[in-house]
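Undergrad: In the order they appear, the protein sequences are chains A and B. Taking the working numbering, the leading residue of the first sequence gets 1, the next gets one more, and so forth. Taking the working numbering, the leading residue of the second sequence gets 1001, the next gets one more, and so forth.
Worth flagging that the hints you see were computed from the coordinates, not collected in a lab. Cβ coordinates follow ideal geometry from the N, Cα and C atoms, glycine included. A hint or two may mislead.
Straight-line alpha carbon distances no greater than 35 Å define the calculated DSBU-like cross-link-like pairs of lysine-lysine that follow [unchecked claim]: (1) A/K46 - B/K1155; (2) B/K1022 - A/K50; (3) B/K1155 - A/K41; (4) B/K1255 - B/K1070; (5) A/K183 - B/K1022; (6) B/K1155 - B/K1070.
Far from chain A by the CB rule (all over 12 Å, computed), these chain B residues [as the list claims (entries may be wrong)]: (7) M1086; (8) V1159; (9) M1227.
What follows is each chain in one-letter form.
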Amino acid sequence: MRRQHPLIVAISYLTMAFLYLPLAGVAIFSVNAARRGLVWKGFTLKWYLKLFENDWILEAAWNTLLLAVISTIIATVLGTILAIAMDRFPWRSRTSNFLDIILHIPVVIPDIILAASLVVAFGLLRMASSIFEPGLPNMIIGHITFQIAFVALVVRSRLVAIGSEVEEAARDLFATNWYLLRKVMLPLLMPGIIAGAMLAFTLSLDDFVISFFTAGPESQTLPLFIFAAVRRGVTPQIHALSTLIMLVTVILVVLTERFTRHHEKE
Amino acid sequence: MKRADSLITWYGELTTRQQLLKRGSLLLSPGMLWLMLFLVLPGLVLVVVSVVTRGAYGQLEWVFTLENYKRLAGFTLFGWTPDYLMILWRSVVVAFFTTLVSVLLSYPLCFFIAGRPERSRYMWLTLVIIPFWTNMVIRAYAWFLILSPELPIAKLAAVFGFIPEGAPLYPNAFAVYLGMVSMFLPFVTLPLYASVERLDWSLVEAAQDLYASRIRTFTQAILPQTMPGLSVGIILTFVPAMGMFVVPDLLGGAKYMLVGNLIQQQFGTSRDWPFGAAISMGLMVLTMVGLQIYRRKGKEVQVV
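With the sequences and hints as input, model every part of the structure.
TA: This is the structure we're talking about:
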């Protein structure tokens, strides 16, 4: 092992402290008995129990989950088909460049611009249909729009990685299009599809900006709830809620890591 | 040039180009239709809205005008003020320094992690990934909490006279930078690490053997090799940092507004969509210019 300069080690520890100190603060005050203020009044878990009695929070949690699940399912299907369509057909280079640019838009523009354009577009569509009133359907549409791009990019890199040999072999053995897709491509693509879906799911859970712009009064999500609570004045419940969300994040990250490393070894 | 209906072999299938493109278009259509409908079209609508007039009650009036852009450039009824341009400029500066500091901190961190033994290496890496995925509202709020007047950091700052006794360490530029850097640091560290892990150390040793200075070793042997990861990290940081509004909203207040807040205001309390659309266009142009400058200066830029 290379010996490391003490300065590198010191900066690294400080950087990690810089990342975790604020989060640790939230976790500590989530188990503080004091109702107001930031003075330590002893250990308690009552704020966590109160979370489950708070209808607002339960509803926001339900909305967050519903939004993430629905948008992820749709985006994964659409994104996977899009990736196959872009990678496995002899498009002219101009066509494929054009498709590539469209696909990269959600990745390379600030999300607030996507959010603003959706607000305006939904505002005009509202004249045609009341579905486009601010609310969960709008949020789902917004989330799918950026998720598709990420799913398609992840699945496409997997398509490139598996190459053409297996498909050629299947064709030689007289596989039909449908059989090839079902029995050859989808199983080979599955790790990519799952990785893409997990990315899409986490992006949805994490999103604040798109939801903030497209949400209606009935469709609060947890990040929106926390943001609103900070401006109203924070209660210890918010600390408990934030800590719980952080714990869920840690679990998701560890599971995802396990999954991807398991597949890298294959 | 081949005839469109001549037979070709494609992934082991004997078929014609025409046939393939027909099937391809069928597969392409659902996803592309979605992106056209909810990404490209709304984008174009935003461009159009940026040149129409706001009605007295915030509705759109289809009278075309460049008023919104003039206002953004600072021309008002009472003469010229640089207020909005200042906010745009500040956003560029904040995004630039956020990216710079994130890069400066990420290099040592990446080398540190790459130098750990295999088992703990994954643990350290996971420790960087966790904040990456933690909700940004929570992370911004966490700074808001930790800089409160009751807690040691603000008290310490008060002792040194940076802030009055009993005041929080926000809203100000310092708090915005703290929040921004901690928000985006993992966005640089993770892609950069992918490059650092694959670094060919023999080139670094060769440079050292030839008596290259530390700086030259870095610029000649390490920087070119880590460029792919660094590029991704810079783009992943600079672009969202330009449009960030949660951090400046909580930690910057009205005194240190960024363009993200300004846009949000137009779509929220002010209900001035045309002006909001015009600012969004301004942000878009700045982002593209930033990426273009970087693309020229840096080498090939790869995203994702």
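Undergrad: For every hint, state whether the structure bears it out.
TA: We went through each hint and held it up to the structure:
no. : hint              : result
1   : A/K46 - B/K1155   : holds (29 Å)
2   : B/K1022 - A/K50   : violated (58 Å)
3   : B/K1155 - A/K41   : holds (20 Å)
4   : B/K1255 - B/K1070 : holds (23 Å)
5   : A/K183 - B/K1022  : holds (22 Å)
6   : B/K1155 - B/K1070 : violated (45 Å)
7   : M1086             : holds (19 Å)
8   : V1159             : holds (18 Å)
9   : M1227             : holds (18 Å)
Taken one by one, the earlier hints fail for this structure at numbers 2 and 6, listed in ascending order.
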